[in-house]
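Just so you know, the sequences run in chain order A and B. Just so we're aligned, residue 364 is where the first sequence starts under this note's numbering, counting upward by one. Just so we're aligned, residue 10 is where the second sequence starts under this note's numbering, counting upward by one.
In case anyone wonders, no lab produced these hints; they're calculated from the structure. Hints are supplied without guarantee of correctness; some may be wrong.
Residues from chain B that face chain A, not an exhaustive set, calculated with beta carbons under 7 Å [to be verified]:
| hint | residue |
| --- | --- |
| 1 | 33 |
| 2 | 60 |
| 3 | 61 |
| 4 | 188 |
Result set (DSBU-like, lysine-lysine): computed pairs, CA atoms no more than 35 Å apart in a straight line [what the hints assert, rightly or not]:
| hint | chain 1 | residue 1 | chain 2 | residue 2 |
| --- | --- | --- | --- | --- |
| 5 | B | 192 | B | 101 |
| 6 | A | 424 | A | 525 |
| 7 | A | 525 | A | 399 |
| 8 | A | 525 | B | 101 |
| 9 | A | 399 | B | 192 |
| 10 | B | 193 | A | 399 |
| 11 | A | 525 | B | 193 |
Glycine residues also receive a C-beta, built at the ideal position from the N, C-alpha and C atoms.
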Amino acid sequence: LARPARPLGPYDTSEPVTPYAQATTYNNFYELGVSKDDPARNASALRVRPWTVEIDGEVQKPVTVDIDQLQSWFPLEDRIYRMRCVEGWSMVMPWLGFPLAALLRRVQPTGEARFVKFTAVNDPQDLPGQQEAILDWPYVEGLRLDEAMHPLTFMAMGLDGKVLLPQSGAPLRLAVPWKYGFKSIKSIVRITLTASQPETTWSRAAPDEYGFYANVNPAVPHPRWSQATERRIGELRRRDTLPFNGYAEQVAGLYRGMDLRRFY
Amino acid sequence: MTSSPVSPEPATPRRPAPRAPLGWLVPAVTVGGLLPAAVLVLDALGGALGANPVQRALNQTGQLALTVLLLSLACTPLRRLTGWTWPARIRKALGLLAFFYALLHFGIYLFDHGFVPSLVLADVLERPFITAGFTALLLLLPLALTSTPQSVRRLGFARWTRLHQLVYASACLGALHYWWGVKKDHTSPLVAALLLAALLAARTLWPAGRSRAGRRAASR
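Generate the whole structure from the sequences, applying the supplied hints.
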């Protein structure tokens with residue numbers, strides 16, 4: 364299926380896009396189940412309307428906004444990003460959305476704001492995964508403010524020209540392409556700017572395995588498996604994993620002087 | 010020249026040799042045990058293994074290896090518990106099937122790593138998760154090689170039995186490997202570990218050397 368021709372933007376990869384059918388049936392979204400095919404199968408359990416997003420904390424203009432209104436605030440952009448899962452597989456995702464920086468500028472972070480905390484949907488009544496204590500619900504992720512303001516950091520509402528499906532994190536999700544996929548929190552209901560580093564779900568669940576930064580780094584193995592290689596979905600053989608998932612040129616400067624073995 | 014039998018036809022019409030009861034059992038277990046492999050191959054050829062077929066095949070063969078190994082470990086407790094003799098007769102077939110799936114699992118892992126020895130060696134030495142799985146397979150190797158009646162004779166039953174107790178270590182390492190390989194939801198590895206613990210405990214509850222007749226006598 365040919366995508367409408369458009370020139371690649373400065374943040375796009377020219378690598379072949381992962382087929383939509385695979386990108387929407389092979390997912391990690393524990394709220395909808397732990398198997399890769401659970402999220403697609405249980406997609407209907409996630410009610411994506413009505414949906415509001417609360418933006419609060421260290422901001423001058425806190426707001427609770429309906430998702431459709433939020434979308435109308437920003438022109439939607441295309442971003443073709445690599446996505447590298449901490450489990451050692453990867454995809455190329457044609458997101459549709461807007462830079463997080465645009466949203467943050469709108470709510471005007473205070474001088475105290477240093478971090479951004481994201482909270483995902485919490486609906487144990489309907490979400491099968493939340494009926495089990497697999498993780499501490501709701502799912503929480505976080506970024507340093509400078510990471511959040513980076514032009515690559517993206518809020519996705521669509522994939523491959525279509526509205527996001529529940530299994531992909533509808534109606535609003537994060538896409539931080541230089542970090543392992545679990546940082547790119549799905550189905551966001553709340554964005555809170557904070558002065559101190561928020562506790563995040565995976566780093567609480569297994570602090571020795573999943574750090575706050577979770578930058579893609581082939582040189583720092585997961586304690587149980589190597590991160591040196593990855594399998595691109597659709598390919599049979601593994602390929603080498605690139606530092607910062609191939610975005611080193613754009614983002615390595617954010618971490619200058621930091622020991623990336625310590626801040627994994 | 011034809012290869013006619015040397016012995017003459019018997020004078021009386023020969024009755025069919027008394028077939029061993031349940032003679033179909035071992036072939037049935039073997040064929041049935043290989044069916045999942047056939048399904049896996051068909052799925053692979055038909056593109057039915059999903060978005061990450063190598064990972065799926067890796068998981069399936071690993072789970073099969075551990076499952077069949079647990080089944081082989083269930084034979085002895087089942088025999089001692091019930092007095093049935095047939096579980097003992099399928100034990101070897103199950104053990105070899107477990108080895109077959111473990112080997113297949115390792116083969117897919119090697120393929121996944123491009124058959125690069127240095128990469129695999131580093132993985133085996135540095136990742137406890139891989140070390141455990143690899144050791145589990147390694148321990149099954151001498152058992153598979155000595156699975157013939159000739160080997161039992163050559164080694165002597167006592168030594169052969171002692172050697173084959175390696176299966177306990179292999180199963181424990183296999184269960185550990187499964188546990189470590191899972192990112193978060195440990196339900197399946199936990200079930201495997203509990204089943205293994207139960208099967209090992211059963212061996213102490215119904216120790217060897219107590220025949221059904223012996224138990225009958227004792228219970229009288």
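Hint by hint, here is what the structure shows:
Annotation: residue 33/B was flagged as interfacial toward chain A, and the flag is violated, the nearest CB pair being 37 Å apart, outside 7 Å. The criterion of a C-beta within 7 Å of any C-beta in chain A is met by residue 60/B, whose closest approach is roughly 4 Å, and the hint holds. Hint on residue 61/B holds. Least Cβ distance to chain A is approximately 6 Å, under the 7 Å limit. Hint status for residue 188/B: violated, given a least beta-carbon distance of 10 Å to chain A, over 7 Å.
Taking the CA atoms of residue 192/B and residue 101/B, the gap is near 33 Å; set against the 35 Å cutoff, the hint holds. Restraint check for residue 424/A and residue 525/A: satisfied, since their Cα atoms lie roughly 31 Å apart, inside the 35 Å limit. A hinted pair counts as satisfied when its Cα atoms are at most 35 Å apart, and residue 525/A with residue 399/A qualifies at roughly 21 Å. For the given pair, residue 525/A sits about 55 Å from residue 101/B by alpha-carbon distance, which is inconsistent with the 35 Å threshold.
For the hint linking residue 399/A to residue 192/B, the alpha-carbon distance of about 12 Å falls within 35 Å, and the restraint holds. Restraint check: the Cα-Cα separation between residue 193/B and residue 399/A comes to about 13 Å, which is no more than 35 Å; the hinted pair holds. Restraint check: the Cα-Cα separation between residue 525/A and residue 193/B comes to about 31 Å, which is no more than 35 Å; the hinted pair holds.
Checked against the numbered hints given earlier, the structure breaks hints 1, 4 and 8 and satisfies all the rest.
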